[in-house]
Amino acid sequence: MIAQPRPALRIIVLAAGYSSRLGRPKALARLHGASLLRRAFELAVALRCAEIIAVVPRACARYRAQANGIPATFVANSQRNQGLSSSVRRGIAKARYSPAVLLMPVDLANLKARELARLVRRWQASPRRVTARRIGRSAAAPLILPRRFYPRALGIVGDVGLRELTARLPVDSRVLVDLPSASLDIDTIQDLQGARRSFRRSG
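Numbering (this note's numbering), first residue to last: 90 to 292.
Heads up, none of these hints are tricks.
For lysine to any residue, the following SDA-like pairs were computed, each having C-alpha atoms within a straight-line distance of at most 20 Å:
no.: 1; residue 1: 201; residue 2: 139
no.: 2; residue 1: 201; residue 2: 223
no.: 3; residue 1: 183; residue 2: 237
no.: 4; residue 1: 201; residue 2: 122
no.: 5; residue 1: 201; residue 2: 274
no.: 6; residue 1: 201; residue 2: 272
no.: 7; residue 1: 201; residue 2: 127
no.: 8; residue 1: 183; residue 2: 246
no.: 9; residue 1: 183; residue 2: 245
no.: 10; residue 1: 201; residue 2: 140
no.: 11; residue 1: 201; residue 2: 265
no.: 12; residue 1: 183; residue 2: 165
no.: 13; residue 1: 201; residue 2: 266
no.: 14; residue 1: 201; residue 2: 284
no.: 15; residue 1: 201; residue 2: 120
no.: 16; residue 1: 183; residue 2: 148
no.: 17; residue 1: 201; residue 2: 121
no.: 18; residue 1: 201; residue 2: 211
no.: 19; residue 1: 183; residue 2: 168
no.: 20; residue 1: 201; residue 2: 123
no.: 21; residue 1: 201; residue 2: 282
no.: 22; residue 1: 183; residue 2: 172
no.: 23; residue 1: 183; residue 2: 171
no.: 24; residue 1: 201; residue 2: 131
no.: 25; residue 1: 201; residue 2: 283
Calculated from the structure, these hints are not laboratory results.
I would like the entire structure built from these sequences, with the hints used as guidance.
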């Protein structure tokens, strides 16, 4: 039997947060008939180039249901009280043999597949560089992290550790890409309501 090559990229959907400001699991919040987690899975599948890993809470039956028909690996984060970095570490540990990972928060309500594909193409052109969404002069998720940076990422802490990691990189070690559709993340009920209104208008 001929061994199948490993995917060149794995997508890590970060969906284990407490969502304390929203008051309920944001991954399961619904936008136009689909949960944010389901929408993230569909975006990942649209890339057609990667295995999907979802980092979720320990009691995750409802989360698994969102992957109906989509091949995804679920990884439970029992240390999510340590912030977003704990999910990043958990996901990277699972994908440790992959040449790179795409870290994607679950709450980017308006993220478009074409913009995510643009991010991947820019990384493919410079596969040793961190490729990330541009916010001013800073980098933010979605973010593609090559394997040579895994040891640094496994040492981050808190909710801003990955942002600090990329900020310390030399300019020639990162590529920043404009992703306008990634500007809205869902943190509060007002954010969710605004996203629903925007979605109805665009629809």
